[in-house]
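Chains as they are written, first to last, in my numbering: chain A, 1 to 269; chain B, 1 to 269.
What the hints contain is simulated information worked out from the structure, not anything from laboratory work. Do not take every clue at face value.
[What the hints assert, rightly or not] One-sided and incomplete, this derived list gives chain B residues near chain A with beta-carbon spacing under 8 Å:
| # | residue |
| --- | --- |
| 1 | TYR9 |
| 2 | ASP10 |
| 3 | PRO84 |
| 4 | ALA85 |
| 5 | ILE86 |
| 6 | ARG87 |
| 7 | MET89 |
| 8 | HIS93 |
| 9 | ALA106 |
| 10 | GLY116 |
| 11 | ILE118 |
| 12 | CYS119 |
| 13 | SER120 |
| 14 | PRO121 |
| 15 | TRP132 |
| 16 | THR201 |
[To be verified] A few chain B positions that, by computed beta-carbon distances, are all more than 12 Å from chain A:
| # | residue |
| --- | --- |
| 17 | ASP13 |
| 18 | ALA52 |
| 19 | HIS75 |
| 20 | ALA129 |
| 21 | GLU137 |
| 22 | LEU140 |
| 23 | GLY148 |
| 24 | PRO242 |
[What the hints assert, rightly or not] Partial chain B-side listing against chain A, Cβ under 7 Å, derived:
| # | residue |
| --- | --- |
| 25 | ALA8 |
| 26 | ALA124 |
| 27 | ASP202 |
C-beta: ideal position from N, C-alpha, C; glycine also.
Number of protein chains: 2
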Amino acid sequence: MNWKLTLAYDGTDFHGWQVQPDRPTVQGALADAIERVTGERVLPQGSGRTDAGVHALGQVASFRLNAPIPPANLHRALNRTLPPAIRVMGAEHAAEDFHARHSVSAKTYEYRIFRGEICSPWLARYVYALNWPLHVERMLAAVPLVVGEHDFTSFAATDPDLTTRQAEAADSGDDSDDGPETDGPGNVRRIFASELSLRETDEGELLVYRVRGSGFLHHMVRNLVGTFLDVGRGHFAAEDIPVILEKRSRAEAGATAPARGLFLDSVEY
Amino acid sequence: MNWKLTLAYDGTDFHGWQVQPDRPTVQGALADAIERVTGERVLPQGSGRTDAGVHALGQVASFRLNAPIPPANLHRALNRTLPPAIRVMGAEHAAEDFHARHSVSAKTYEYRIFRGEICSPWLARYVYALNWPLHVERMLAAVPLVVGEHDFTSFAATDPDLTTRQAEAADSGDDSDDGPETDGPGNVRRIFASELSLRETDEGELLVYRVRGSGFLHHMVRNLVGTFLDVGRGHFAAEDIPVILEKRSRAEAGATAPARGLFLDSVEY
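Turn these sequences into a full structure, and let the hints steer you where they fit.
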């Protein structure tokens with residue numbers, strides 16, 4: 001039987017999604033929990049990697065089990081077994097050809113920036129706290145300029161171990177931060193929506209960036225956020241965004257924003 | 001110059017308030033930050049200990065510094081130096097005779113219980129997640145029965161290293177979970193208010209217990225909560241609370257509720 005799980009996790013204390021020897025990872029913790037519950041050792045496939053410190057509200061994982069288990073029972077048993085930092089939000093039987101990564105049609109990421117003076121201890125793990133002045137109007141002008149199909153080389157991680165091209169060559173499909181490699185060749189991706197807004201929470205006001213796309217290169221969302229923040233600080237103008245895209249060079253864009261503000265919000269199939 | 005700081009902290013990753021060799025503690029982290037900022041080594045006195053895993057919204061600490069520093073500067077510099085899990089919420093000059101523990105007139109604690117089916121990863125560090133059925137009306141009847149002056153021996157930790165009596169004998173005054181020993185002899189304390197309520201949050205509904213008193217014995221709030229939960233489960237009736245108090249024996253009351261749901265809310269002087 002093929003399974004689809006939807007997962008929320010606090011990435012702070014994990015070395016990312018992908019299983020690694022002797023380090024706590026989300027994929028590893030999930031595989032252990034599935035084995036403890038069912039007796040079957042499987043490697044759940046995620047919709048894509050998330051890096052160390054990146055959180056998820058709706059990561060999706062798929063795997064096959066031989067034992068017939070009602071979804072509600074697997075759901076409850078996994079939540080009793082997993083560490084509290086990982087929660088199964090939904091568990092369902094999936095079509096035989098469903099694959100959490102290969103079947104993706106779109107993903108949405110969210111990046112949270114705290115603008116207040118004192119970032120509370122309960123918020124600190126989940127936001128980038130940043131209280132220098134920002135020209136938010138300029139950021140609002142810059143953010144939509146990445147919508148559409150573009151070559152995002154300027155916003156891709158330069159670490160050669162982690163480039164999408166290598167991942168594709170190896171057919172692991174799992175070496176980009178978050179993604180299916182079905183949306184175009186090389187570093188071309190399609191962004192459907194790119195929005196910045198203010199959100200009131202119990203802990204104060206957040207500046208929230210949300211981006212929905214066909215797929216994302218490794219570090220792409222964090223590099224976009226770092227660049228939009230450079231627009232807010234006046235290092236770039238909004239009109240520089242198309243120029244940066246055009247140059248296809250990582251050196252042209254801004255710094256990588258910290259992992260702790262990033263959430264994989266949801267995955268569409 | 002005498003100083004008064006108000007502190008919020010996430011206690012999850014600290015071995016409690018009180019400084020210990022080779023273990024991260026809140027008092028130790030604060031002493032280190034003060035030294036790094038001012039060059040002066042002091043041991044800040046808290047309003048009382050909090051145990052490992054217990055949080056604070058408004059812990060108060062006092063200490064003396066020779067260097068003349070404007071409060072706003074010390075405030076900002078400490079928040080730049082402290083780990084994000086500890087925040088200085090207020091910094092002010094205090095009267096010469098102010099002492100964070102000896103001067104306490106009342107303290108308020110809050111205990112948070114999550115009743116939903118899935119406790120999100122962002123809430124898990126800060127609540128006791130408990131989804132068995134509870135007779136909340138019975139708990140509402142039990143909770144006010146501890147108001148007034150009582151001998152709380154039945155609700156005090158039995159660990160002999162941590163009893164208030166020993167702490168008083170040693171004149172450390174710092175060996176109770178939270179408190180000044182000025183409110184009465186032995187294990188007598190005065191409770192001004194004891195209330196249970198429901199609170200809506202971004203992450204779902206919480207059952208919140210708040211208690212305000214002259215002082216508290218070690219583990220007293222967690223033992224009260226554990227006992228009120230036993231009332232909710234039907235192990236005790238509300239009317240058993242006065243009987244349990246009367247017996248002055250830890251064995252009569254319920255279990256100690258987990259540290260992670262407990263917050264030192266505020267301290268009055």
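Hint-by-hint comparison with the structure:
no.	hint	verdict
1	TYR9	6 Å, holds
2	ASP10	4 Å, holds
3	PRO84	4 Å, holds
4	ALA85	5 Å, holds
5	ILE86	7 Å, holds
6	ARG87	5 Å, holds
7	MET89	6 Å, holds
8	HIS93	20 Å, violated
9	ALA106	24 Å, violated
10	GLY116	11 Å, violated
11	ILE118	5 Å, holds
12	CYS119	7 Å, holds
13	SER120	6 Å, holds
14	PRO121	4 Å, holds
15	TRP132	13 Å, violated
16	THR201	6 Å, holds
17	ASP13	9 Å, violated
18	ALA52	15 Å, holds
19	HIS75	9 Å, violated
20	ALA129	8 Å, violated
21	GLU137	27 Å, holds
22	LEU140	24 Å, holds
23	GLY148	33 Å, holds
24	PRO242	36 Å, holds
25	ALA8	6 Å, holds
26	ALA124	4 Å, holds
27	ASP202	5 Å, holds
In summary, the numbered hints that this structure violates are 8, 9, 10, 15, 17, 19 and 20.
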